[in-house]
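**Q** Okay, here's what each chain looks like letter by letter:
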Amino acid sequence: MNYYLLIPFLPLAAFLINILFGKSLLKENAHWVAILAVAGSWVISVATLIDVMGGKTLNQDLYTWVSSGGFKASVGFLIDPLTAVMLIVVTTCSTLIHIYSTGYMHGDNGYYRFFSYLSLFTFCMLMLVMANNFMQLYFGWEGVGLCSYFLIGYYFNKKSASDAGKKAFIVNRFGDFGFGIGIFVIFLTFGTIYYEPVFSQAGAFATKTVNFLGYDVHLMTLIALLLFCGSIGKSAQMPLHVWLPDAMEGPTPVSALIHAATMVTAGVFLVARCSPIFSLSETALMVVALTGAITSLFAATIGLVQNDLKRIIAYSTVSQLGYMFLACGVGAYTAGIFHLYTHAFFKALLFLCAGSVMHAMSGELDIQKMGGLKKHMPITYWTMLIASLSIAGVPGLAGFFSKDEILWMAYSGPSPVGKLVWLSGTLVAFLTAFYSFRLIFLTFHGKFRGTHEQEHHLHESPKSMTIPLMLLCVGAVASGWVGIPALIGENLGIHNYIAEFMKPVLGHPEGHGTHGEEMMVMLVSVAVGFAGIGLAYFMYMMRPDLPGKLATQFSGAYKVLFNKYYVDELYSAIIVRPTIWIARNILIGVTDARIIEAIVNGVPSAIGGFSRQLRKVQTGFLHHYALIMAAGVLIVMGLMLMRSW
Amino acid sequence: METNSMGFPILSALIFLPVAGAVLLLLIPRSKEMLIKAVALSVSILAFIISLPLFSGFNKATHAMQFVERQAWIPTWNITYYLGLDGISILFVLLSTLITILSILISWESIKNKVKEFYISVLIMEGAMIGVFCALDFFLFYIFWEAMLIPMYLLIGVWGGPNRVYAAIKFFLYTLVGSVLMLVGIIVLYFHAGRTFDILDLATRTYPYQLQFWLFWAFFAAFAVKVPMFPVHTWLPDAHTEAPTAGSVILAAVLIKMGAYGFLRFSMPLFPEAARAMTPAMLTLSVIAIIYGAVICLAQTDLKRLIAYSSVSHMGFVTLGIFALNTQGMEGGILQMINHGIVTGALFLSVGVIYDRTHTRQIADYGGVASVMPVYASLFIVFTLASIGLPSTNGFIGEFLILLGGFTANQPAGVLAATGIIIGAGYMLWLYQRVFFMETNAKVTGLADVNMRELVTLLPMVILVFWIGIYPDTFLGFMHESVRHLIERVNTGGAPGATTIAKTVSEILQ
Numbered sequence: 001m002n003y004y005l006l007i008p009f010l011p012l013a014a015f016l017i018n019i020l021f022g023k024s025l026l027k028e029n030a031h032w033v034a035i036l037a038v039a040g041s042w043v044i045s046v047a048t049l050i051d052v053m054g055g056k057t058l059n060q061d062l063y064t065w066v067s068s069g070g071f072k073a074s075v076g077f078l079i080d081p082l083t084a085v086m087l088i089v090v091t092t093c094s095t096l097i098h099i100y101s102t103g104y105m106h107g108d109n110g111y112y113r114f115f116s117y118l119s120l121f122t123f124c125m126l127m128l129v130m131a132n133n134f135m136q137l138y139f140g141w142e143g144v145g146l147c148s149y150f151l152i153g154y155y156f157n158k159k160s161a162s163d164a165g166k167k168a169f170i171v172n173r174f175g176d177f178g179f180g181i182g183i184f185v186i187f188l189t190f191g192t193i194y195y196e197p198v199f200s201q202a203g204a205f206a207t208k209t210v211n212f213l214g215y216d217v218h219l220m221t222l223i224a225l226l227l228f229c230g231s232i233g234k235s236a237q238m239p240l241h242v243w244l245p246d247a248m249e250g251p252t253p254v255s256a257l258i259h260a261a262t263m264v265t266a267g268v269f270l271v272a273r274c275s276p277i278f279s280l281s282e283t284a285l286m287v288v289a290l291t292g293a294i295t296s297l298f299a300a301t302i303g304l305v306q307n308d309l310k311r312i313i314a315y316s317t318v319s320q321l322g323y324m325f326l327a328c329g330v331g332a333y334t335a336g337i338f339h340l341y342t343h344a345f346f347k348a349l350l351f352l353c354a355g356s357v358m359h360a361m362s363g364e365l366d367i368q369k370m371g372g373l374k375k376h377m378p379i380t381y382w383t384m385l386i387a388s389l390s391i392a393g394v395p396g397l398a399g400f401f402s403k404d405e406i407l408w409m410a411y412s413g414p415s416p417v418g419k420l421v422w423l424s425g426t427l428v429a430f431l432t433a434f435y436s437f438r439l440i441f442l443t444f445h446g447k448f449r450g451t452h453e454q455e456h457h458l459h460e461s462p463k464s465m466t467i468p469l470m471l472l473c474v475g476a477v478a479s480g481w482v483g484i485p486a487l488i489g490e491n492l493g494i495h496n497y498i499a500e501f502m503k504p505v506l507g508h509p510e511g512h513g514t515h516g517e518e519m520m521v522m523l524v525s526v527a528v529g530f531a532g533i534g535l536a537y538f539m540y541m542m543r544p545d546l547p548g549k550l551a552t553q554f555s556g557a558y559k560v561l562f563n564k565y566y567v568d569e570l571y572s573a574i575i576v577r578p579t580i581w582i583a584r585n586i587l588i589g590v591t592d593a594r595i596i597e598a599i600v601n602g603v604p605s606a607i608g609g610f611s612r613q614l615r616k617v618q619t620g621f622l623h624h625y626a627l628i629m630a631a632g633v634l635i636v637m638g639l640m641l642m643r644s645w
Numbered sequence: 001m002e003t004n005s006m007g008f009p010i011l012s013a014l015i016f017l018p019v020a021g022a023v024l025l026l027l028i029p030r031s032k033e034m035l036i037k038a039v040a041l042s043v044s045i046l047a048f049i050i051s052l053p054l055f056s057g058f059n060k061a062t063h064a065m066q067f068v069e070r071q072a073w074i075p076t077w078n079i080t081y082y083l084g085l086d087g088i089s090i091l092f093v094l095l096s097t098l099i100t101i102l103s104i105l106i107s108w109e110s111i112k113n114k115v116k117e118f119y120i121s122v123l124i125m126e127g128a129m130i131g132v133f134c135a136l137d138f139f140l141f142y143i144f145w146e147a148m149l150i151p152m153y154l155l156i157g158v159w160g161g162p163n164r165v166y167a168a169i170k171f172f173l174y175t176l177v178g179s180v181l182m183l184v185g186i187i188v189l190y191f192h193a194g195r196t197f198d199i200l201d202l203a204t205r206t207y208p209y210q211l212q213f214w215l216f217w218a219f220f221a222a223f224a225v226k227v228p229m230f231p232v233h234t235w236l237p238d239a240h241t242e243a244p245t246a247g248s249v250i251l252a253a254v255l256i257k258m259g260a261y262g263f264l265r266f267s268m269p270l271f272p273e274a275a276r277a278m279t280p281a282m283l284t285l286s287v288i289a290i291i292y293g294a295v296i297c298l299a300q301t302d303l304k305r306l307i308a309y310s311s312v313s314h315m316g317f318v319t320l321g322i323f324a325l326n327t328q329g330m331e332g333g334i335l336q337m338i339n340h341g342i343v344t345g346a347l348f349l350s351v352g353v354i355y356d357r358t359h360t361r362q363i364a365d366y367g368g369v370a371s372v373m374p375v376y377a378s379l380f381i382v383f384t385l386a387s388i389g390l391p392s393t394n395g396f397i398g399e400f401l402i403l404l405g406g407f408t409a410n411q412p413a414g415v416l417a418a419t420g421i422i423i424g425a426g427y428m429l430w431l432y433q434r435v436f437f438m439e440t441n442a443k444v445t446g447l448a449d450v451n452m453r454e455l456v457t458l459l460p461m462v463i464l465v466f467w468i469g470i471y472p473d474t475f476l477g478f479m480h481e482s483v484r485h486l487i488e489r490v491n492t493g494g495a496p497g498a499t500t501i502a503k504t505v506s507e508i509l510q
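First to last, the protein sequences are chains A and B. Take the first sequence: its position 566, counting from 1, is numbered 566 in my numbering, and each next residue is one higher. Take the second sequence: its position 33, counting from 1, is numbered 33 in my numbering, and each next residue is one higher.
Any given hint might turn out to be false.
[Stated by the list, open to error] Calculated from the model, a selection of chain B residues having no Cβ within reach of chain A, i.e. all distances over 12 Å:
id, residue
1, Leu52
2, Pro280
3, Ser378
4, Ala448
5, Pro460
[Unchecked claim] Each computed DSBU-like pair below joins lysine-lysine, with the alpha-carbon atoms no more than 35 Å apart:
id, chain 1, residue 1, chain 2, residue 2
6, A, Lys369, A, Lys559
7, A, Lys27, B, Lys116
8, A, Lys23, B, Lys60
9, A, Lys72, B, Lys60
10, A, Lys159, A, Lys559
11, A, Lys158, B, Lys443
12, B, Lys443, B, Lys116
13, B, Lys443, A, Lys159
[Said to hold, decoys possible] Facing chain B, according to a computed beta carbon distance under 10 Å, are these residues of chain A, among others:
id, residue
14, Asn59
15, Tyr63
16, Gly70
17, Phe71
18, Ala73
19, Arg113
20, Asp163
21, Asp176
22, Ile183
23, Leu188
24, Phe190
25, Phe441
26, His445
27, Thr591
28, Ala593
No lab work stands behind these hints, which were simulated from the structure alone. Since the structure is predicted, the reported quantities are computational estimates derived from the model, not experimental observations. Glycine included, each C-beta is placed from N, C-alpha and C at the ideal position.
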């Protein structure tokens, strides 16, 4: 079974080789090491998936990492159905994006550095999903955060890029603050931080309350919510969503891999992994569901009016991540992971298409300056169109199945907020279809609105970029077919494979609805999807003057949305600036300088200018005397020793 | 005369070899600078090599003192020359011998005047530092403790920056005032216990609570200044900022560890009940130091001053862990002392590297250094990440155990202290951004990347950062037995009935 270890350690080896020898030896061949390693991980991941489907699981420690008193953590691996699916998502996306990057990053003078970071990221992400204890999970968690920091700030000479990287790291630390304390509480409750004993004993604490900071709280709710703090940060949920849109400063393949397909979904993975804990707390689940629902609605509304190609997709990611949490919050962890898996394909594809467009447009990101790209870059157009159809929930495509599963589980499940989040989820489905097609129409249809120079330069991207697009496109179409609901599959003899596969880990909540209701939910979601596409077509193809008019008509609302509800400005005003002001004016200016220093400097002078006398003596040649004095003391000591021997 | 398992007095050799080296330097004419440097470097390397058997020959299965040397010295006063190491002190000796080599290497070209005296000071410093960690006789300990002050005073006052004299005197006075109170404490203890300076013997007796209480605070004065704990920290930023690179490195890596070491070696085993009773006060001061030190870093404009204040915050973590009085906290605290020595030492070494090229400490004078000095930038990021406790670096292991221990002992303290890691990420990454990222500042264009000597100076630190981060067992293994023994002593030591007094006192304090 030990060949599983190669899955994370191949990319680690690639990282080490590239970071040490990439600059001097490998140079423009740096991608070979990285691609071979990640492709190797992919092959083993597929083999692992097959093994796991055959009923094998693995829970094995490699070595003890930290041990102190009763606390022990190891570098150890757990491979079960949840891990196996995550391995496939991570290695597939990572491999394709590595290949894409050879084209996209061609000629960049940090080529080896870029691939080193990608390998390091893949390693950390794999360590995260393969962990068998919370400490290693935390290692992977922070590790991917670090790579995200490096890659967002990849163009480090740009102030905006280095600002964005720093912001991502620090905002995530806010979430990790809660996550870390959650791990402490887990240790103090269970006496261990290994998944297996923690999850198997969780039931025994189902009704226990503890005192936390002076409040009596339900223990499982406390642990679940503290862990969820980490998820909020990593998966960019409200109120810690602010870093993800800025993260688009990174190169586009990074946005696809880290900020869409894999890292940002780690929060969802965490909730699913800890489902035995979350399931014991109705309150925690409700918080998860509502956070997801509110975030998805909030981000979708912002996405409606943005003009930056990548930021639209970024807000779409925030919104879709909210969808996944919504699913977990109604107890449908499988549906959440299912959406994570389909989303990885169509969202990575959307980003890579955006990268292809940027490549053609020499880095231009404003969709108002695009238009009519369809005829210049047909492969990019068609793949992006299919990805958008998938995210809009057009029947048969991947996004349709996972989205429908979530909405149906919300509607029919036992959650007290189920109907509410179903309603908001349906609204989001409408908005998603609308902004996705607004993007398609403005970018690829109509007339080109950029400069002549840009127009002259328009071209389809090289094969190294378009082939990954086409492969991901297969995923965006077909990845949902493993989760076809019984309602459709029954008569065709198709099972809901993913639900069956995940059942041992994540369970499968039984819905309480009839076939008729299920059909209704499905039809509604399809209908709003088409309505969204239709409205976008109407506004941007038939009546292109309309959006501008609406923006002036409702300028207040438009401004709020365009400025992302002013959340960044709010944080700056209530957290960042006051803290620095206090540091500068109170701590340095008053406490250190006026109070402590006054006492320190005051005492000697109160003793009658003692210090002034001392200063006079000591600024002379005292150091010579002192040196001799010190030497003297030591020599005398030595002599005395020798005498007594 | 007791001898140890090594067959030769290894600890004495470690203490007096550098001193002998210093004497040798005295004999070399000052015109032969190269020879002076070569001798100093060789002596420090030799001391390091001699210290290695400590690492390999230490018996981790016992808390007893090892490599013991004991010799009657001044029998009239019952003073003995008594040395030994246990799981708490051994790593500091190794750290001292390593840091001395690096300090000499980093000063190779930057110290140009009074070269001879400089290296003499550094070597005497080394001997005194090792002596402090080895001494098991209070008299001997105090001699080393004070002897350390002189070379450090000189390092700051002679080879420091423009405001060096002020900083040196401030450092000297602060430490001296603390030390004098400790001296009084030592003398009181000496007479109370029937004229003995034997630390191990003293640490097995019981003292009346009143006495413990006063002596705890007398010792506290000396140790708190050294750590430095809030509010007696203000000498540190000045001393660090003005000291030459080697001075800052030794100060950060070893000297300020002695305060926390003092708590572990003296305050806790000697005055267990007082230590227990004072926990709330100690935890409070630690948490204040963590947050205060971190927030104040956000407003610093001087590279060295920022790192100095970050030391206040990090040492707050150390005292928090130690006074959590549980295994995780204490082991984390000790490990974090080593970590802080490595990371902050390395940060000061790194600042020294660039200061030698630009002669400015102002953060605003930098920017875009990563494009000019890529190797330097990657070394610096390793230390930055270790400083903010990224998993797989040493800082994470220490901080995690401390926060776990702190949270176990006192929930609010643990939670408040954990905010320190958010702010820590804030100021360190901001520092890194302003120095290394963004547009290249005209003042740094064309700077040469690290040379071989500088690389050799920094690489051991990189290795240690990851070694402790990935396989901390090598280092934590030294501590388990000694820490277990110490916690046992703190929790069970003392006369019965005295706990009630302890409670009242702590209630009054709260």
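**Q** State for each hint whether it applies.
**A** Results of checking the hints against the structure:
1. Leu52: Correct as stated: the minimum Cβ-Cβ distance to chain A is 24 Å, above 12 Å.
2. Pro280: Holds, because the least Cβ-Cβ distance between Pro280/B and chain A comes to about 15 Å, which exceeds 12 Å.
3. Ser378: It is violated; Ser378/B is separated from chain A by about 8 Å at its closest Cβ, not greater than 12 Å.
4. Ala448: holds, 17 Å
5. Pro460: With a cut-off of 12 Å, Pro460/B remains clear of chain A, as the shortest Cβ separation is near 17 Å.
6. Lys369/A x Lys559/A: holds, 20 Å
7. Lys27/A x Lys116/B: Measuring from Cα to Cα gives roughly 46 Å; hence the hint is violated.
8. Lys23/A x Lys60/B: Violated. Lys23/A to Lys60/B sits at ~43 Å, over the 35 Å cutoff.
9. Lys72/A x Lys60/B: holds, 18 Å
10. Lys159/A x Lys559/A: It holds: about 26 Å lies between the C-alpha atoms, which stays within 35 Å.
11. Lys158/A x Lys443/B: holds, 18 Å
12. Lys443/B x Lys116/B: Distance of about 32 Å is within 35 Å: holds.
13. Lys443/B x Lys159/A: It holds: about 18 Å lies between the C-alpha atoms, which stays within 35 Å.
14. Asn59: violated, 21 Å
15. Tyr63: holds, 8 Å
16. Gly70: holds, 7 Å
17. Phe71: At 5 Å from the nearest chain B Cβ, Phe71/A passes the 10 Å test, so the hint holds.
18. Ala73: holds, 9 Å
19. Arg113: Since the shortest Cβ distance to chain B is 9 Å, the answer is holds.
20. Asp163: holds, 7 Å
21. Asp176: holds, 8 Å
22. Ile183: Given a least distance of 8 Å, the restraint on Ile183/A holds.
23. Leu188: Nearest chain B Cβ about 6 Å off; hint holds.
24. Phe190: violated, 14 Å
25. Phe441: violated, 38 Å
26. His445: Violated, about 39 Å.
27. Thr591: Thr591/A check passes; min Cβ-Cβ to chain B is 8 Å, inside 10 Å.
28. Ala593: Ala593/A check passes; min Cβ-Cβ to chain B is 9 Å, inside 10 Å.
In summary, the numbered hints that this structure violates are 3, 7, 8, 14, 24, 25 and 26.
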